[in-house]
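We have chain R; now place chains L, C and S onto it with these hints.
Protein chains: 4
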Amino acid sequence: MTESTSGARVTIWNEYRHERNNPIVTKVYPEGIHNALKEGLASYGFEIGTATLDEPQHGLTDEVLESTDVLVWWGHMAHDDVDDTIVEKVHNRVLQGMGLIVLHSGHYAKIFKKLMGTSCALKWREADEKERLWVVNPSHPIAAGIGEYIELPQEEMYGEHFDIPAPDELVFVSWFEGGEVFRSGCAYYRGQGKVFYFRPGHESYPTYYNKDVLRVIANAVNWAAATGGATPAYGHVPVPLERIRGRE
Amino acid sequence: MTESTSGARVTIWNEYRHERNNPIVTKVYPEGIHNALKEGLASYGFEIGTATLDEPQHGLTDEVLESTDVLVWWGHMAHDDVDDTIVEKVHNRVLQGMGLIVLHSGHYAKIFKKLMGTSCALKWREADEKERLWVVNPSHPIAAGIGEYIELPQEEMYGEHFDIPAPDELVFVSWFEGGEVFRSGCAYYRGQGKVFYFRPGHESYPTYYNKDVLRVIANAVNWAAATGGATPAYGHVPVPLERIRGRE
Amino acid sequence: MTESTSGARVTIWNEYRHERNNPIVTKVYPEGIHNALKEGLASYGFEIGTATLDEPQHGLTDEVLESTDVLVWWGHMAHDDVDDTIVEKVHNRVLQGMGLIVLHSGHYAKIFKKLMGTSCALKWREADEKERLWVVNPSHPIAAGIGEYIELPQEEMYGEHFDIPAPDELVFVSWFEGGEVFRSGCAYYRGQGKVFYFRPGHESYPTYYNKDVLRVIANAVNWAAATGGATPAYGHVPVPLERIRGRE
Amino acid sequence: MTESTSGARVTIWNEYRHERNNPIVTKVYPEGIHNALKEGLASYGFEIGTATLDEPQHGLTDEVLESTDVLVWWGHMAHDDVDDTIVEKVHNRVLQGMGLIVLHSGHYAKIFKKLMGTSCALKWREADEKERLWVVNPSHPIAAGIGEYIELPQEEMYGEHFDIPAPDELVFVSWFEGGEVFRSGCAYYRGQGKVFYFRPGHESYPTYYNKDVLRVIANAVNWAAATGGATPAYGHVPVPLERIRGRE
Numbered sequence: 050m051t052e053s054t055s056g057a058r059v060t061i062w063n064e065y066r067h068e069r070n071n072p073i074v075t076k077v078y079p080e081g082i083h084n085a086l087k088e089g090l091a092s093y094g095f096e097i098g099t100a101t102l103d104e105p106q107h108g109l110t111d112e113v114l115e116s117t118d119v120l121v122w123w124g125h126m127a128h129d130d131v132d133d134t135i136v137e138k139v140h141n142r143v144l145q146g147m148g149l150i151v152l153h154s155g156h157y158a159k160i161f162k163k164l165m166g167t168s169c170a171l172k173w174r175e176a177d178e179k180e181r182l183w184v185v186n187p188s189h190p191i192a193a194g195i196g197e198y199i200e201l202p203q204e205e206m207y208g209e210h211f212d213i214p215a216p217d218e219l220v221f222v223s224w225f226e227g228g229e230v231f232r233s234g235c236a237y238y239r240g241q242g243k244v245f246y247f248r249p250g251h252e253s254y255p256t257y258y259n260k261d262v263l264r265v266i267a268n269a270v271n272w273a274a275a276t277g278g279a280t281p282a283y284g285h286v287p288v289p290l291e292r293i294r295g296r297e
Numbered sequence: 050m051t052e053s054t055s056g057a058r059v060t061i062w063n064e065y066r067h068e069r070n071n072p073i074v075t076k077v078y079p080e081g082i083h084n085a086l087k088e089g090l091a092s093y094g095f096e097i098g099t100a101t102l103d104e105p106q107h108g109l110t111d112e113v114l115e116s117t118d119v120l121v122w123w124g125h126m127a128h129d130d131v132d133d134t135i136v137e138k139v140h141n142r143v144l145q146g147m148g149l150i151v152l153h154s155g156h157y158a159k160i161f162k163k164l165m166g167t168s169c170a171l172k173w174r175e176a177d178e179k180e181r182l183w184v185v186n187p188s189h190p191i192a193a194g195i196g197e198y199i200e201l202p203q204e205e206m207y208g209e210h211f212d213i214p215a216p217d218e219l220v221f222v223s224w225f226e227g228g229e230v231f232r233s234g235c236a237y238y239r240g241q242g243k244v245f246y247f248r249p250g251h252e253s254y255p256t257y258y259n260k261d262v263l264r265v266i267a268n269a270v271n272w273a274a275a276t277g278g279a280t281p282a283y284g285h286v287p288v289p290l291e292r293i294r295g296r297e
Numbered sequence: 050m051t052e053s054t055s056g057a058r059v060t061i062w063n064e065y066r067h068e069r070n071n072p073i074v075t076k077v078y079p080e081g082i083h084n085a086l087k088e089g090l091a092s093y094g095f096e097i098g099t100a101t102l103d104e105p106q107h108g109l110t111d112e113v114l115e116s117t118d119v120l121v122w123w124g125h126m127a128h129d130d131v132d133d134t135i136v137e138k139v140h141n142r143v144l145q146g147m148g149l150i151v152l153h154s155g156h157y158a159k160i161f162k163k164l165m166g167t168s169c170a171l172k173w174r175e176a177d178e179k180e181r182l183w184v185v186n187p188s189h190p191i192a193a194g195i196g197e198y199i200e201l202p203q204e205e206m207y208g209e210h211f212d213i214p215a216p217d218e219l220v221f222v223s224w225f226e227g228g229e230v231f232r233s234g235c236a237y238y239r240g241q242g243k244v245f246y247f248r249p250g251h252e253s254y255p256t257y258y259n260k261d262v263l264r265v266i267a268n269a270v271n272w273a274a275a276t277g278g279a280t281p282a283y284g285h286v287p288v289p290l291e292r293i294r295g296r297e
Numbered sequence: 050m051t052e053s054t055s056g057a058r059v060t061i062w063n064e065y066r067h068e069r070n071n072p073i074v075t076k077v078y079p080e081g082i083h084n085a086l087k088e089g090l091a092s093y094g095f096e097i098g099t100a101t102l103d104e105p106q107h108g109l110t111d112e113v114l115e116s117t118d119v120l121v122w123w124g125h126m127a128h129d130d131v132d133d134t135i136v137e138k139v140h141n142r143v144l145q146g147m148g149l150i151v152l153h154s155g156h157y158a159k160i161f162k163k164l165m166g167t168s169c170a171l172k173w174r175e176a177d178e179k180e181r182l183w184v185v186n187p188s189h190p191i192a193a194g195i196g197e198y199i200e201l202p203q204e205e206m207y208g209e210h211f212d213i214p215a216p217d218e219l220v221f222v223s224w225f226e227g228g229e230v231f232r233s234g235c236a237y238y239r240g241q242g243k244v245f246y247f248r249p250g251h252e253s254y255p256t257y258y259n260k261d262v263l264r265v266i267a268n269a270v271n272w273a274a275a276t277g278g279a280t281p282a283y284g285h286v287p288v289p290l291e292r293i294r295g296r297e
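Protein chains in written order, with the working numbering: chain R, 50 to 297; chain L, 50 to 297; chain C, 50 to 297; chain S, 50 to 297.
So that you can see chain R by itself, here it is in the shape it has in the complex:
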């Protein structure tokens, strides 16, 4: 059976502030998280572009959004700097069918909070802890090519309660050394689009060079890129010519 690759057009959006301001982070991601991801995903047959917060319109022009099948999002310290008009456009694109992969601290991104409708709050701790992301749905295509768990020697802890709607499909649950658990791979269907939240990726750890993490992101892109059904029509529907009592 052939391996499916979607050839999706992917835009990787990154805040790109830490990498330019914090020497520790610059060392880990000298070209920025967006370019590390772009390189890490190079072998998957996607058409990858990048966009960052400080570009005009955050790089998310109408043209870019219209030609993006899946948007990958990393943000952390400047969620408030994202323009509300752009958030609105991204939101509409997702409901129209664009996939969205939200990474790590993107749980507090305006676009993720808008789509989830909850606070998206969680517990956190930076203590170089080991994380194990256990696969809880081995049938799910987002888990393809992954073993029973992914082990990351050092990550920032995120712990429950994670204030999100129950995922339509829960794929990963994480274990942290310090005693916490976290629903770390969460898939949602929203409108004609698909959203996947994936936890790992604190900026000071080389997480986005991990081949399992990259595999999951690639799987998520393929999952989110899959075409669904026709765009529904909404609004007033005329009286049908049949089937209404007394009006046939």
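Heads up, some of the hints might be wrong.
Note that identical chains are pooled: a pair holds if it fits in a single copy or bridges any two copies.
[What the hints assert, rightly or not] In silico SDA-like links for lysine to any residue, alpha-carbon gap of 20 Å or less: (1) K76 to V288; (2) K87 to V74; (3) K138 to S116; (4) K76 to C169.
For the record, the hints were derived by calculation from the structure and aren't laboratory data.
Relative to chain R, chains L, C and S alone:
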């Protein structure tokens, strides 16, 4: 086994514009939809108050919100007139544990759209059509005391695609004469709160005098009023005294 | 973006009794439902084999099962004639990763009831009724290439309550002329496998020549064929060398 | 708002072999797990009876089953000794509306496997490990009166992958010292009944004296005891007097 009644403190919020402006509607609900519901729910042991759009702060003062266990919401032609600050407060109360029952055209209410994160769009038609609300989860407490379906001789048709997240629990699916179906009883867990969307209730039909419809609303109030677990703590968690490698 | 085809190895299992015993059915499916489906799916790039009830081991030998990515199942009047040992093997294969598409009256097949754990009972009526299968999740890949609904001029009615677990993903809900609704496209993750129940296909109607019905079955095959994660290990796990208090 | 108590008629079924054969276990549960649970649940207003494996018909006579609102089940080393006819009766009762709470090693009970349709396999280890059961749905009534997590100083580890269907409602996720996670509080709607799987309770630890564990079981009993809608009718439905084209 004893029947459970929650004695919940209920606030019924109603737009209350149609009943005062449209003689057809005034005839059906002379005291307003909110008072019809209040009377209809009188036998269920709730503590019921009402609030309407044109009251100061839409009747949803901090005091009212803090002392409301379940908020019932009916709105249609003036969703935009609902103050964003009030919407924000209601949203916070839901995440803190207040139940929310959204009726009929409330699918376009700001609070419902905010909680759902989708457009909440649908198809509609006013043609005095028969509606059958089929119970698809006979195990669910919101269906208590209801038969296999509720039949309403005349209602406004709402049809799929209904742009909402897949309900955590789908309780009713409606059939309409004209050929449409609609997920008409949809339950969600959001934060510490619970939300139930219930479709029937076009203002020109006496739907809120129907004892089965009232039973479902009462069941939904009891379901949404049920207490859950402790309020989670969010934010930074200190390094635990044990279990971190090299720090014991 | 490229259209994904899985090249899956598909086995179409058919009871094949009606077509040989009932002239009305023979007329609709002269080569049997299995061959009509095989022809109808010919353009989708699958490797298709067939198997029927009255073949030795119902055509589901260990060799066939081991080399099947997705099994499609149609049965109606002879569910009891299916050997329990074969059912057991099919069940194991699904939990190991084989996809399963169950059609129409297959809701009472031993394998479907075993996987669902419920009675799988429903209401039915043969009255040449029109059926509309509405897409309720336009984001779902099983709805790819389909419009807002599929209309079948004549089908056997199946109505709620359909005693199944709530689908992990509900894709279609049907409307019938006579007043019933039915959850007609239901997707489940079970073990490492995926199951899709699809309602249409009464033996006396030419349903399996309908291009939309065939498209959904093909979509479902691709969905069910997708590889997931590694096969989990179960059972006793030795004490880890670290992280157990007092044993490091 | 009044606290809801269902006054449910509860039958606690226990294998009751370990307590009589293993001195370590006898010490922890001298009267048997069933009586420890009965005492522990004494303040919740239930009508509690017990039944054990070695009683005639395992204590689950037709009379007992008909008058049981919620059945609690603990079994471990003798699942095979449970009579298939009794399993069938329990299964039917659940589909008719009896609640079922399955504890700990009951994951391999015939009745649980039958209802789930999967292998229900998992990983395990006996190493006196600490367990933390985190609440992942603080809105759920099964979490009522519980803090952010329940900590058990010593329990037997159960780890993912736990081969069950995705719970309709996931309430608890456990953390274990040794590196594993486990979906430890799983709620399902099946037919007219409700099933809750709750992990803790290895026979050699005093888990069933823990007041939080007892609180969860009591909450689960109330949740599972709640009445739903009318018993659906299944089977052939006559042609309706209206709404069929050409037959009005």
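Hints, verified against the model:
no. : hint         : verdict
1   : K76 to V288  : neither (65 Å within a copy, 26 Å between copies)
2   : K87 to V74   : within (17 Å within a copy, 56 Å between copies)
3   : K138 to S116 : within (13 Å within a copy, 38 Å between copies)
4   : K76 to C169  : neither (30 Å within a copy, 45 Å between copies)
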